[in-house]
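For the record, the sequence lines run as chains U and V. Every position in the first sequence, counted from 1, becomes a number in my numbering once 19 is added. Every position in the second sequence, counted from 1, becomes a number in my numbering once 35 is added.
Relax, there's no trap hidden among the hints.
To give an idea of the interface, some chain V residues facing chain U are shown, with a C-beta separation under 7 Å as derived from the structure:
(1) Ala74
(2) Leu127
(3) Val159
(4) Ala160
(5) Gly195
(6) Ile198
Here are the computed distance ranges between Cβ atoms for each label pair:
(7) Glu173(U) / Leu602(V): 27 to 37 Å
(8) Arg158(U) / Arg245(V): 25 to 35 Å
(9) Leu372(V) / Met20(U): 53 to 63 Å
The hints are simulated quantities; they were obtained by calculation from the structure and are not laboratory data. Note that beta-carbon positions come from the ideal geometry of N, C-alpha and C, so glycine has one too.
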Amino acid sequence: MIYVTVGTMFLDFPRLINAVDRIAQDTGERVVLQKGMGTTIPKHCECFDFKPRDEILALQAEARVIVCHAGIGSVMDALEARRPMIVVPRLKAFGEHMNDHQLDIAQAVERRGWGRMVRDMGELPGACRNPPPVPHDYRPARHRLVAAVREMVERAKA
Amino acid sequence: MDTDIPHHSASTAGGGRVKVCLACSHGGHLTEMLQLQPAFDDCDTFFFCYEAETTRALPRAYLVPNMARSPVEFVKNLVRVWRIFRHEQPDLVVSTGAEIALPVLAIAKLRRTPVVYIECGAQVAHPSFTGRIMYWLADEFYVQWHELLHVYGRRARLRGSLIDEDDPVGADRSAERRMKVTLVHPALERRFSSDQPPLGLAYLASALERHGCEVRVIDAHAEKLCPTHVARLIEAQSPDMVGVSVTTPLLPAALDIARRLRAHHPAPILVAGGPHATVLPEDLLVAEAFDYVVRGEGEQTIIELIEARLANAGIEAVAGLSYRGEGGITHNAARTLMERIGELPHPDWSLFPTKQYSSLVRRNSHCLPIATSRGCPFACSFCYKGISGTRVRLRTPEDVVDEWAMLVERYGVHEIAVIDDAFTINPARVLKICALLVERGLNKTPWSTTNGIRVDNVTDELMVAMRGAGCYRVYFGIESGVQSVVDRLGKRITLEQVRAAVRAAKAAGLEVGGYFMFGNLGESAADMDATIRFAMALGIDYAQFTIATPYPGTRMFEDVQAQGTMLIHSWEELATFGRLTFTVGDVTPDLVARKFRKAIRRFYLRPQYLFRHVRGLFTWEGMWSRVSGAGVVVRLALFGGR
Numbered sequence: 020m021i022y023v024t025v026g027t028m029f030l031d032f033p034r035l036i037n038a039v040d041r042i043a044q045d046t047g048e049r050v051v052l053q054k055g056m057g058t059t060i061p062k063h064c065e066c067f068d069f070k071p072r073d074e075i076l077a078l079q080a081e082a083r084v085i086v087c088h089a090g091i092g093s094v095m096d097a098l099e100a101r102r103p104m105i106v107v108p109r110l111k112a113f114g115e116h117m118n119d120h121q122l123d124i125a126q127a128v129e130r131r132g133w134g135r136m137v138r139d140m141g142e143l144p145g146a147c148r149n150p151p152p153v154p155h156d157y158r159p160a161r162h163r164l165v166a167a168v169r170e171m172v173e174r175a176k177a
Numbered sequence: 036m037d038t039d040i041p042h043h044s045a046s047t048a049g050g051g052r053v054k055v056c057l058a059c060s061h062g063g064h065l066t067e068m069l070q071l072q073p074a075f076d077d078c079d080t081f082f083f084c085y086e087a088e089t090t091r092a093l094p095r096a097y098l099v100p101n102m103a104r105s106p107v108e109f110v111k112n113l114v115r116v117w118r119i120f121r122h123e124q125p126d127l128v129v130s131t132g133a134e135i136a137l138p139v140l141a142i143a144k145l146r147r148t149p150v151v152y153i154e155c156g157a158q159v160a161h162p163s164f165t166g167r168i169m170y171w172l173a174d175e176f177y178v179q180w181h182e183l184l185h186v187y188g189r190r191a192r193l194r195g196s197l198i199d200e201d202d203p204v205g206a207d208r209s210a211e212r213r214m215k216v217t218l219v220h221p222a223l224e225r226r227f228s229s230d231q232p233p234l235g236l237a238y239l240a241s242a243l244e245r246h247g248c249e250v251r252v253i254d255a256h257a258e259k260l261c262p263t264h265v266a267r268l269i270e271a272q273s274p275d276m277v278g279v280s281v282t283t284p285l286l287p288a289a290l291d292i293a294r295r296l297r298a299h300h301p302a303p304i305l306v307a308g309g310p311h312a313t314v315l316p317e318d319l320l321v322a323e324a325f326d327y328v329v330r331g332e333g334e335q336t337i338i339e340l341i342e343a344r345l346a347n348a349g350i351e352a353v354a355g356l357s358y359r360g361e362g363g364i365t366h367n368a369a370r371t372l373m374e375r376i377g378e379l380p381h382p383d384w385s386l387f388p389t390k391q392y393s394s395l396v397r398r399n400s401h402c403l404p405i406a407t408s409r410g411c412p413f414a415c416s417f418c419y420k421g422i423s424g425t426r427v428r429l430r431t432p433e434d435v436v437d438e439w440a441m442l443v444e445r446y447g448v449h450e451i452a453v454i455d456d457a458f459t460i461n462p463a464r465v466l467k468i469c470a471l472l473v474e475r476g477l478n479k480t481p482w483s484t485t486n487g488i489r490v491d492n493v494t495d496e497l498m499v500a501m502r503g504a505g506c507y508r509v510y511f512g513i514e515s516g517v518q519s520v521v522d523r524l525g526k527r528i529t530l531e532q533v534r535a536a537v538r539a540a541k542a543a544g545l546e547v548g549g550y551f552m553f554g555n556l557g558e559s560a561a562d563m564d565a566t567i568r569f570a571m572a573l574g575i576d577y578a579q580f581t582i583a584t585p586y587p588g589t590r591m592f593e594d595v596q597a598q599g600t601m602l603i604h605s606w607e608e609l610a611t612f613g614r615l616t617f618t619v620g621d622v623t624p625d626l627v628a629r630k631f632r633k634a635i636r637r638f639y640l641r642p643q644y645l646f647r648h649v650r651g652l653f654t655w656e657g658m659w660s661r662v663s664g665a666g667v668v669v670r671l672a673l674f675g676g677r
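Make the full structure from the sequences, and use the hints.
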């Protein structure tokens, strides 16, 4: 199963939705799409707008590969799910976002070996067929940031 | 809207609990704030958020309408925040963005409440609108990606991240596999320090270069750079890894550099090595300092560490490595001594400021060291053996002379310093080296044995051969003029051997220098006087008087710990040249300082000695070295080393 998510963004992402719809049609593989607030409706995918978080996590855990827009929340979820990740950045040029910050995120994902960035939808079927490896130990430096904030709390106490 | 004060919040922070205002928009900013909750475990907190589906369930929250496109709402929010702050009296504001933080910032500034701003994880390489303002006004400004540190400036810090890993190097550079490494020799502030070229770092540099790394070196000691300056240089180089060489007196400087790099930088992998790191790795692995310590000989260990990082593999199998993990400090198994040291690439001095080095124990300033062997089988109490070990590993004469030729031809040195611990342990090998030096015409470049050679295997043949091969001066490690003191040090030499060695060296036409040490355990004032008399009677040309220094990892250190008292408060003070750093029985700093000054006076300021050196005044170089040497003698005789 391929799980696809375009996040909570209010702008549509027809490039990605149409591309995964074609993959579902061509390969017959089950594709589950969280399509959010967009108006593009796929014909061959299981599709929903939003679901409670625990259901989303269950779907991700079940997926063979996760295809997501390069929103930071979606990227974190895919990393935590420890599933192969393909990130497709929303681009300003296509009216998919107000700026190109998702390109930075997608590039960071690729540089760190967390997943693969796809910008050309022609590459998406191939990327889904041969998904990128899952980094074998992803350990975000979360505890360090918490400790840094904690230090400020301690200082405020003094 | 819903800005009325929630009635259950009426009690303000009491009982020493910190009250924190958490300001963030709904969506991703809120998600990040919620992940920071463990930091506020024992605090009173309240949220300041936009009215939305996700914020309604928050336990204590002031919810306001979205003001993203309405300046009127912004002004209204200023008033709301003013009221809220007057009521809640928060001690701290933490915000993860976005623009909802701006009215909070304004009021917090007026009330002098500290503000911590954490740039949203979605900002990887470009600053956000709010971030640009917060950068200048927040008390603490954190980003979550190292890419963004450069884009902001010095006020921005990377102190962990909700998304990114500790350092992204392994994945970041894996495409090119060419790791950028900067090696640092920290600076020590003290008088009379001679700047020995750091041979260990030079070996490391060549080993890394051969492995395909891009290596740079900062010799802060030779170039007199403070830690701030070093950190700035490294920031400009943006290496993936920084290796710092740490002897005991350099510990504070090394930690200072590491902490600066961690705070102001896309934190490189921080690795410490050297004697102190080997004996006490825990000192370097304290929080916010080094990531790894390489214990013992470092060449192979650091390469395996780099390989493991590039392959994103575990480091448990890298021998000689200590590191800080989630559960504390781990020490991997010790690395066995490298057998075939001849296979190491010759040190690359092109990376070092070779013209900056100076020394009191050499004739020419442009001088580089060579080590023809590693290790020493003897167990002198003052000597630290943790790096090179007690098993001697000898390089072949051919290999040694190849490096010698490189120093002369490629680096144009005017002098070479042989700094082995046990150069003459195998006299036959030294004879072969000398023969090769003559054969290849390298005997015109003067050299000396600045680390001191042993007196017990000195022969006339050896001294003559060394003289013929260009050696102009030998130093002997003598330490004391009292046999029982020498014995306690574990030198395993006799005073008679000392006299014989000096005679042989003088007969061969060599200048002779002797190393002596004051402050040895069990040494009396009379013993020290005997040492001075012995030094003068030997007929040697130079006497280097030193004061016993108990470095961690040596037997002397253990003895002092067991029988005496250390008088220093920080390791840096161990390098207080000219002053004893401990007291044991009758051996006190004052006594040793007195005898030290007396030794300098008696030895160097006697008429025969001064007269002998008048002859040296007839060349420019000789004149300069004698004038500067005289300055040193006078200062030492008057003030000791302080």
